[in-house]
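S.K.: Here is how the chains run, residue by residue.
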Amino acid sequence: MKQKSFLLDGMPTPFSDEQTIMDAAMAANVFIPHLCHHPEFKPQGSCKLCTVKANGRYVSSCTTYAKDGMEVENNTPDLNEKRRTMLQMLFVEGNHFCPSCEKSGHCMLQALAYELEMLTPHFDQFYPNRPVDASHPEVLLDFNRCILCELCVRASRDVDGKSVFALSGRGITKHLIVNAESGRLADSNFSLTDRAAHVCPVGVILEKRKGFAVPIGQRLYDEKPIGQQVAQLAERTTKVEA
Amino acid sequence: MSAVMEKRKVRLATTSLAGCFGCHMSFLDIDERLLDLVELVEFDRSPLTDIKHCGPCDIGLIEGGVCNAENVHVLREFRQNCKVLIAIGACAVNGGLPAQRNHLDLGQCLQEVYLTGEGVVNGQIPNDQELPLPLNKVHPIDEIVRIDYFIPGCPPSGDAIWKFLTDLLEGRTPRLGHPMLHFD
Chain A
1 MKQKSFLLDG MPTPFSDEQT IMDAAMAANV FIPHLCHHPE FKPQGSCKLC
51 TVKANGRYVS SCTTYAKDGM EVENNTPDLN EKRRTMLQML FVEGNHFCPS
101 CEKSGHCMLQ ALAYELEMLT PHFDQFYPNR PVDASHPEVL LDFNRCILCE
151 LCVRASRDVD GKSVFALSGR GITKHLIVNA ESGRLADSNF SLTDRAAHVC
201 PVGVILEKRK GFAVPIGQRL YDEKPIGQQV AQLAERTTKV EA
Chain B
1 MSAVMEKRKV RLATTSLAGC FGCHMSFLDI DERLLDLVEL VEFDRSPLTD
51 IKHCGPCDIG LIEGGVCNAE NVHVLREFRQ NCKVLIAIGA CAVNGGLPAQ
101 RNHLDLGQCL QEVYLTGEGV VNGQIPNDQE LPLPLNKVHP IDEIVRIDYF
151 IPGCPPSGDA IWKFLTDLLE GRTPRLGHPM LHFD
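Taken in sequence, the protein lines are chains A and B.
Number 178 in the numbering used here belongs to position 178 of the first sequence; there are no gaps in the numbering.
Number 144 in the numbering used here belongs to position 144 of the second sequence; there are no gaps in the numbering.
Treat the hints as calculated values from the structure; they're not laboratory data.
Among the hints, erroneous ones may be present.
[Stated by the list, open to error] In silico DMTMM-like pairs for lysine to aspartate or glutamate, Cα to Cα no more than 20 Å straight-line: (1) B:LYS163 to A:GLU117; (2) B:LYS137 to A:GLU93; (3) A:LYS2 to A:GLU18; (4) A:LYS48 to A:ASP78; (5) A:LYS53 to A:GLU71; (6) B:LYS52 to B:GLU32; (7) B:LYS137 to A:ASP124; (8) A:LYS2 to A:GLU93; (9) B:LYS7 to B:ASP148; (10) A:LYS224 to B:ASP159; (11) A:LYS224 to B:ASP184; (12) A:LYS210 to B:ASP184; (13) B:LYS163 to A:GLU18; (14) B:LYS137 to B:GLU70; (15) B:LYS9 to B:GLU170; (16) A:LYS42 to A:ASP222; (17) A:LYS82 to A:GLU40; (18) A:LYS162 to A:GLU40; (19) A:LYS4 to A:ASP68; (20) B:LYS163 to B:ASP58; (21) A:LYS162 to A:ASP194.
[Said to hold, decoys possible] Just so you have them, the derived chain B footprint on chain A, three or more residues with Cβ under 8 Å: (22) 10-16; (23) 21-33; (24) 154-163; (25) 167-179.
In this text, a Cβ means the ideal position worked out from N, Cα and C, and glycines have one as well.
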């Protein structure tokens, strides 16, 4: 039987049944910007960074199945402009001060901002007040950097079987919460060995006493921009992310 | 070549508002290229010249965010006088380190630092009319005036500043690729 394929920015791209546009693109070593997608977890299409134009319609590539003969636009000025704007909104909604962040150089939000040449957050800063949770002996929670991707929610629920994290609230009041009566991480059954401790694409869930372990210049996204690290993104493991 | 035909030097002004002068230090990191730069530009107001007020300029480089009333005046003076205004460094771009105070109450900050803090004896909150009043919150400069270009980084490297300025001076759209574009 003929191999099914679709056109990704004009390139014939093969796919198998049950593969999304994102899956097929990653398999073909083509980068589609994304934040909430992770190959290990069920996609939810919430960050919208992976929006592509499939047969003329804007869709999340991580939740849209590839179809034979489909025409998909990905790396276009129009889409990248929209993605940049979404990044800018994420930056101003939280407190993203890269110079003081332990995740800097390993952060997907930052790496995407570089990739899409975001030079300024453009919008007025919200400067929200989000106290950190340093209660846990091994892990720090810095909510200032949360982008609501729900990777920790999915990892804790689907892999660890603990459901330590959830999102609460609506719209701009939406925020990450911890499943404990006190709301503190120390009072949950969270552990550093949980999968959820190692999936945060930004600097919210951080192992204590381990910050700034890799020198500037040798960090993940110092060496190569994220757009050239599709293989690494496709094969993300605890080791790489730790 | 007659004086009339000689290419006029571009006038460049620089200042640091709520910054640490780190971006200016990084600017000096262009090292011997400073000699190439002074062939092309003439410095107006800048810590390098000690000129106190900005005259009509082609390019203004602003380091630091806006944390007090004087910062607002200086920034507006630059905007009025510079054809192209560039935000340089994390503080100018997004408030940076000084903006980390934004979730704290300013009055309580001043009280703790000058009155009730550990080891403070006979303290008083500074209240000289020479001192500019602090703003309630620290702001990136593009929340006060229009900014034409942004060079992020804490600080941006000398190479990044050089690339950006030479692109601009030679009429290209300034562009920082990997690895010169960084936020830390």
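S.K.: Would you mind marking each hint as holding or not holding in the structure?
M.R.: So, going through the hints one by one against the coordinates:
no. : hint                 : result
1   : B:LYS163 to A:GLU117 : holds (15 Å)
2   : B:LYS137 to A:GLU93  : holds (16 Å)
3   : A:LYS2 to A:GLU18    : holds (17 Å)
4   : A:LYS48 to A:ASP78   : holds (14 Å)
5   : A:LYS53 to A:GLU71   : holds (8 Å)
6   : B:LYS52 to B:GLU32   : violated (26 Å)
7   : B:LYS137 to A:ASP124 : holds (12 Å)
8   : A:LYS2 to A:GLU93    : violated (48 Å)
9   : B:LYS7 to B:ASP148   : violated (24 Å)
10  : A:LYS224 to B:ASP159 : holds (18 Å)
11  : A:LYS224 to B:ASP184 : holds (16 Å)
12  : A:LYS210 to B:ASP184 : holds (18 Å)
13  : B:LYS163 to A:GLU18  : violated (46 Å)
14  : B:LYS137 to B:GLU70  : holds (14 Å)
15  : B:LYS9 to B:GLU170   : holds (12 Å)
16  : A:LYS42 to A:ASP222  : violated (29 Å)
17  : A:LYS82 to A:GLU40   : violated (27 Å)
18  : A:LYS162 to A:GLU40  : holds (17 Å)
19  : A:LYS4 to A:ASP68    : holds (5 Å)
20  : B:LYS163 to B:ASP58  : holds (18 Å)
21  : A:LYS162 to A:ASP194 : holds (9 Å)
22  : 10-16                : violated (count 0)
23  : 21-33                : violated (count 0)
24  : 154-163              : violated (count 0)
25  : 167-179              : violated (count 0)
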